[in-house]
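> Okay, here's what each chain looks like letter by letter:
Number of protein chains: 2
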Amino acid sequence: MKKLIDVASGRVKADIVIKNATVADVFGGRFVKGDVAVCGDRIAGVGKYDGNIEIDGTGKFVAPSFYDTHLHFESVMIRPSEYLRTVIPTGVTAFNADPHEIANVAGEKGIRFMIEDAKGVPADVRFMMPSCVPSAAEDRSGCVINAADAVAIAKKEKLFGLGEMMNFPGVINCDDDVMKKLEAFDIIDGHAPSVSGEPLNAYICGGILTDHECETAEEAADKVSRGMYVMLREGSQTKNLRTLIKAVNKSNLRRFLFCTDDRNVEDLFELGTIGNNIRLAVECGMSPIDALTIASLNAFEAYGSKNRGAIAPGYYADFIVCDNDCGQHPEKVFYHGKLVAENGKALFDTKPAKPDALFGSVRIKPIKESDLYFEYTDGMPIMRVFPNTVVTALTEAKSRDGLDMMCCIERHGASGAIGHCYVEGFGLKGGAVAQTVGHDAHNITVLGDNARDMKAAVDALGKDGGLALVKDGELIGKLPLEIGGLMTAAPAEDALATRKKLLAALSTMDYNKDIEPFMLLSFLTLIVIPEVKLNHKGLFNVSKWDYVYKK
Amino acid sequence: MKKLIDVASGRVKADIVIKNATVADVFGGRFVKGDVAVCGDRIAGVGKYDGNIEIDGTGKFVAPSFYDTHLHFESVMIRPSEYLRTVIPTGVTAFNADPHEIANVAGEKGIRFMIEDAKGVPADVRFMMPSCVPSAAEDRSGCVINAADAVAIAKKEKLFGLGEMMNFPGVINCDDDVMKKLEAFDIIDGHAPSVSGEPLNAYICGGILTDHECETAEEAADKVSRGMYVMLREGSQTKNLRTLIKAVNKSNLRRFLFCTDDRNVEDLFELGTIGNNIRLAVECGMSPIDALTIASLNAFEAYGSKNRGAIAPGYYADFIVCDNDCGQHPEKVFYHGKLVAENGKALFDTKPAKPDALFGSVRIKPIKESDLYFEYTDGMPIMRVFPNTVVTALTEAKSRDGLDMMCCIERHGASGAIGHCYVEGFGLKGGAVAQTVGHDAHNITVLGDNARDMKAAVDALGKDGGLALVKDGELIGKLPLEIGGLMTAAPAEDALATRKKLLAALSTMDYNKDIEPFMLLSFLTLIVIPEVKLNHKGLFNVSKWDYVYKK
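Chains as they are written, first to last, in our numbering: chain A, 597 to 1147; chain B, 597 to 1147.
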């Protein structure tokens, strides 16, 4: 502290000074002019300062770096350190990461991998304890984590809080195991789509701090009024920002946060993450300083982190330097006083992915073509899918034409369990797609118009898993996801290239082009989303909570 | 938690419901309609609720109760519990109290008395560790508390943080003992009048969270931009609110707080405390909901207290019910779900003041008239005082006419030390005033136009101390302050009555009526305020840090 005060007072030269900059003042809602002095990992102040390293800030903006308050690294299909190497250069240096997917595959081992992989990366990476593993007892994921386990893991791994509590009925109805989880954590993220009124009060009484599932501006404003922090989420599939930002005004601004939740690797490279939220917010008419405040100070305040999220004396020196007032394309990114990225490139390396027990996570009984085949009959219950939503409809088959077959193959315990159903609306012809990504249990999902190609696609996944595409009996594309069947061990750039090749191969196939097949497929097994989903046992009616078709 | 969720969900009746009320929504910056449900010490939510006790809220407003973020109970000259009994009915239920004055008289014993006295009162009374005892080493107070002592006391007494760090040069210059204090506390209140620029950065780097000494709106806005919470103080003498509120806008509102610092007992009864800040803020054009937000949510946020300061699910049920939207004259005050005041009257009693070691705190050598007398000579250095400020001027005596004699008598260790000086501008004739309240060392200050009356006034203070007024050799008024010579053991109402009598007696005397003698006298010994002050050694030039006259 003495050295910091010496520097702040001007008696001692700063380590680094950004001279003559325009500085985002997130406390005052304005920009101020001055030299930003850095001492060690802290900001000494904005004023007139000399430094051992001086960077000309003339015409440049200095702003606190950003906080993505809710995301799943797994969605990007690259490992945490590769994600961070890609995203930190865009100005994000704090992350609340919920390793919910890998925990569903590999439990504590999976969580530990994520933590270890991110270790040493210059950023505040705050891992949450996944709250719902599995998301429903009816599912067969790779792991079951009850309250006692969750508390023990969180303590051992020093987790930041409890991840999105998706089991909102469990909270509202005081389920025992849920109560035990809630009582054990100070910080609890929420997930309460369309919950309102007295049930919402009950949910919040469970100690839930945030929500990222608002669908309307009214819902967002109401949740804020009841004391929640509301996240303006902009993911690759779920894009809520433009709608929800209508709820934000100068009085309630401090209760809003930015997050991405789920992002794919193309968007990661093309749009970035929180910088994209800021850009959209400003496009919607928000002032740049308000958007920057949501991206920084608000988030640290929400999670009770002192001395973070502002360019102010004693605050951690986590900031960006850029040529615009919206934090776009930062020229420099500093974390804890160190330059960690410049002109879009990280100045640090990632460690190689450890070939550990998360490789070879696909454990299935050998599959025969006949295992995947099942009879079609007129009037049988089938699943209808739609573009731009993961909500499905239960319907009756009228004709075999244009239907695809889908199977969900249990892949954690080699039980041999397989669920089957016909799907309308996908329109895939002359091939099959298979993948080990299937929320939340992440069993194998395979869809195609014939059992031979379906088997070939499953076979192509191998022991490590990933995404596979078969056309007329031939494997035409694959993205290996060796880590738990969810993430690639390859560098982010390679993952992007491989995925682009896969999408190019996909484009040669015949299917409903309004659909993004890999994404949609990954949600057709999520039995907590209506109206009908497929798990390893059969076709499941979500609202009736029962099976409507088994082979 | 289970019962709270049961109530919030509507499955179980609430303990208390305020039906059909208009509720201050400090998160949304608006008022909302609904029933406020209370379960135990918490709010279950705002919605449609039934309760075992139902209170009709039709046409009424419900708002979170208020937080006075910085005050000294001693200034009111009544003990903490009596203060709280008087103020809680006005809607204030949280207090950051700095027992700085009693600590200067009696050290840890004094602090412990304050804590014990407030114990059991239904309010969040958060005691701070006084940071500067004495405020200057040159002074002779009743106690010296160094960093090690401060840390030990704070730990033992579970103090909330470090009280206003008045020694700002000590922070900026990294004095050893000051550094040790700063490093030991997470929460540190500030006191940095007119400090700005790089020195202010240095001060804030010491971990200082707040400031209540801004003199201009520009200073307030600047301090906010540098990360401080700025208190809009409205005391009995120092009234900053109307000036500083010009700095508040919708962007920086969240960084402002309300406090009273020093209040006298008449104001306590006539104006209250934080309710008065709210009233003035609204008079200045602030919206009622913004003023209520400053009074509640902002303050709890500043000090990192979760689940306090709002009417929201899971929040502590600390709130008021009143017939106006500005929190004036609450009909009911609830603390932690219990009705603790109604129609201006507390529903709890205070314990009797314990006649403990803080009584009989006046320890002086017997005083002779000649001890108080000292020669006048033309051209000698004297003190000039002015109305409405505690700042004085050093000047040269031109004539004995109209001057008063002032003495400062060391009263903690019976050392016999007495400082003397002549005072211009007070104009007291035919009498003397003496008191044991004299910031910050609280020695005896006596002022009069003749030594005989001065001695009589000092004698009248007795072993317990207080304020005494002598006219033509006769004691015409006295307010006994048995507790450390600073606070009365009497009930608040009696203190008010006695003080009113004293002021009535004072009004019969001949003095400069633009001056409030007791208040002014209490600051003429404070050697950290310019330009010249009197302590037990002599007349002290503050800027030169040396004595200019000794008898």
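Hints are not guaranteed to be accurate.
Chain copies aren't distinguished; within one or between two, either way the pair holds.
Said to hold, decoys possible - Calculated lysine-lysine pairs in the DSBU-like style (CA-CA distance at most 30 Å, straight line): (1) K902 <-> K846; (2) K644 <-> K598; (3) K615 <-> K994; (4) K1140 <-> K598; (5) K941 <-> K752; (6) K705 <-> K609; (7) K1059 <-> K1146; (8) K835 <-> K752; (9) K902 <-> K752; (10) K1096 <-> K1133.
No lab work stands behind these hints: they were computed from the structure.
> All the hints need checking, so say for each whether the structure fits it.
Here is how each hint holds up against the structure:
1. K902 <-> K846: For K902 and K846, the Cα distance is within 30 Å both inside one copy (23 Å) and across copies (22 Å).
2. K644 <-> K598: Within. Shortest intra-copy distance 19 Å satisfies the 30 Å Cα cut-off; inter-copy 56 Å does not.
3. K615 <-> K994: neither (72 Å within a copy, 55 Å between copies)
4. K1140 <-> K598: So K1140 and K598 pass the 30 Å test across copies only (27 Å; inside, 65 Å).
5. K941 <-> K752: neither (34 Å within a copy, 52 Å between copies)
6. K705 <-> K609: neither (47 Å within a copy, 44 Å between copies)
7. K1059 <-> K1146: Result: close within a single copy only, 27 Å intra versus 94 Å inter.
8. K835 <-> K752: For K835 and K752, the Cα distance exceeds 30 Å both inside one copy (35 Å) and across copies (52 Å).
9. K902 <-> K752: This pair counts as both: shortest intra-copy Cα distance 24 Å, inter-copy 25 Å.
10. K1096 <-> K1133: For K1096 and K1133, neither the intra-copy (33 Å) nor the inter-copy (85 Å) Cα distance is at most 30 Å.
The earlier numbered hints that this structure contradicts are 3, 5, 6, 8, 10.
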